[in-house]
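Student: Put chain B on the given structure of chain A with help from the hints.
There are 2 protein chains.
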Amino acid sequence: MSGDYRGRYGSESELIAALATLFQSGAEKIPADLIVDIGDDAAIIQTAGDLMALSSDLLVEGTHFKMEYSDLYSIGKKAAVANLADIFAMGIRPRFFLVSVALDERFLHNESSKNSILELARGIHDQASQFGVRVIGGDIARSDRLTISITALGNGSKKVTRSGAKVGDGLFITQLPGRSLLGLEQLRKGINIDGESIAHHLAPEVDFEKFFTISRSATALCDISDGLISEAGHIARASEVDINIESAALKHHPNFEKISELAKELGIDPIAAIIESGEEHFPIFTSRIDELGKLDGMKNGFKIGDVLAKAGESGRVMLDFQEEKRSGFSHF
Amino acid sequence: MSGDYRGRYGSESELIAALATLFQSGAEKIPADLIVDIGDDAAIIQTAGDLMALSSDLLVEGTHFKMEYSDLYSIGKKAAVANLADIFAMGIRPRFFLVSVALDERFLHNESSKNSILELARGIHDQASQFGVRVIGGDIARSDRLTISITALGNGSKKVTRSGAKVGDGLFITQLPGRSLLGLEQLRKGINIDGESIAHHLAPEVDFEKFFTISRSATALCDISDGLISEAGHIARASEVDINIESAALKHHPNFEKISELAKELGIDPIAAIIESGEEHFPIFTSRIDELGKLDGMKNGFKIGDVLAKAGESGRVMLDFQEEKRSGFSHF
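Listed in order, the protein sequences are those of chains A and B.
Anchor point for the first sequence: position 93 equals 98 in my numbering, and the numbering is continuous, going up by one each time.
Anchor point for the second sequence: position 275 equals 280 in my numbering, and the numbering is continuous, going up by one each time.
If a hint is listed, it holds; no wrong ones were tucked in.
The list treats identical chains as interchangeable, and a pair is accepted whether it falls inside one copy or across any two copies.
30 Å max Cα-Cα, derived BS3-like pairs, lysine-lysine: (1) Lys164 / Lys308; (2) Lys171 / Lys34; (3) Lys164 / Lys34; (4) Lys330 / Lys119; (5) Lys330 / Lys256.
None of these hints come from the bench; they were simulated from the model.
The following block holds chain A by itself, in its conformation from the complex (with noise of 0.2 Å):
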């Protein structure tokens, strides 16, 4: 409402500008249905008669970042992973980014500050623009906390839902979760024994083309953003099935007895690593076991428990069979 933080770069439109220079750089030329880009009231894209995926996560700072952990480009490349990742989840291809960011003082006051936020946004940029993904719009506004706001949109002709797991199908992951959990909290413990690990809590690096050979076979999937638990409730619960993890198949994932020494060392319980690291954005899926082999087994898919009749009145997710009441990471 008030006019008070005009003028700190010359005008918003001044940063607009240096912005949508950003998005509308790089390689790839400009999308044939993209029909008017950043700088109207809104952006507009020609559709073809196919489904359109739409997302939106909100980011807030301290929340779901802080600045003594990471740098602006890596939030911004994890905030595009997120949404990425969520337009992925239904199997659908994303293509395009609204991005809208609250600024506070820090972010205010000279070039420097203005570099600061090219940064995050040069994050966004380099790794949506790594999936062909272009920014079209978004908003700028000011606030007392960094926050981002992204919404993503993809289109195709095929869609997974989280709703379609039957009685008898396994459920399957790509990659053994936990690494996250465990790189965040080296963060807050300041110290550093697996780098890896915490480089994948900061801007985690995810295979999403895996997501359309999975799409191929998978009755649902979804990636996970706050939990292997958390997620297989969601399929559970829109399912309308119970889903049982073992925790025998989680120990014999190749990776288990890495993660389970750094967990150990970081007094973690290696097994609670596993099923609450949230922000992973690996996916996580239920299909028919003898549609595996056109998976190529292990290579996409590690079967790691089973979709049963449910027993109660929602879907629920049980661990060797015993109601699992840990949900992972939530943000709220």
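Tutor: Same frame as chain A, but now just chain B:
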């Protein structure tokens, strides 16, 4: 990153479920092109080969609205209006919203805090569904300022951008701006001289259908978000023209006397109130003057200025042929 806020309402998913119930309520039946609604990684809509418009707005407490001036229901309505306006201002019909909110301590304690979030959501829902717009997704996070991020999507077959104004066109408005600024000024001073302008500031009622009537003959079109001068500037720069606004024309508007009297009572220059008042969300547009007849004259367009060949490097706005530096509101 932390699970600290888990369980305040039982769980985030309980709140999401309550929000989904609200957003899925109402007389409207589920749109045929809505394939996946709230509750998966992303919403999915099917498109039919036409244009899709996309726009995001970020609203932060203290910057864009104040809880001491307004109730949450009105804040929700106003947030929805701003987002509807951005899509209508492209000559496109809005269809869907994604709504993300960051909540602070006040919203996290008990049933009454939960109800206050639902009041906010109800304001968004009521305003949106009045125009057939449905909330199909979003996110919830924690912050220490109430923050609302809305992405609006619409589709249609014809668009009107900011960049089509031609030398010789007239500049038109449908209503005289000013009331929003004068309403806010009364709130700031803690007085109530004119309840109508206060109400207009807190939750503007906009006849959005007018945007379609106008879009038939408009060469460039915006809604007045940041103020008349600011929006005319958007058109001038995007269209590479100069725009001259005549104060005499503003003074001839049938509502000038009323706005002028109120402005004077509040110690504000009436012309300043008119050209700087933001969040009006009425249309401002350029059109060939001989097209005006088709617009049914003053009913749909009141001429306040002219589009001229640009004299400088980029398009400028003049008031009575003097370059105008006042730029209206900025929330940044």
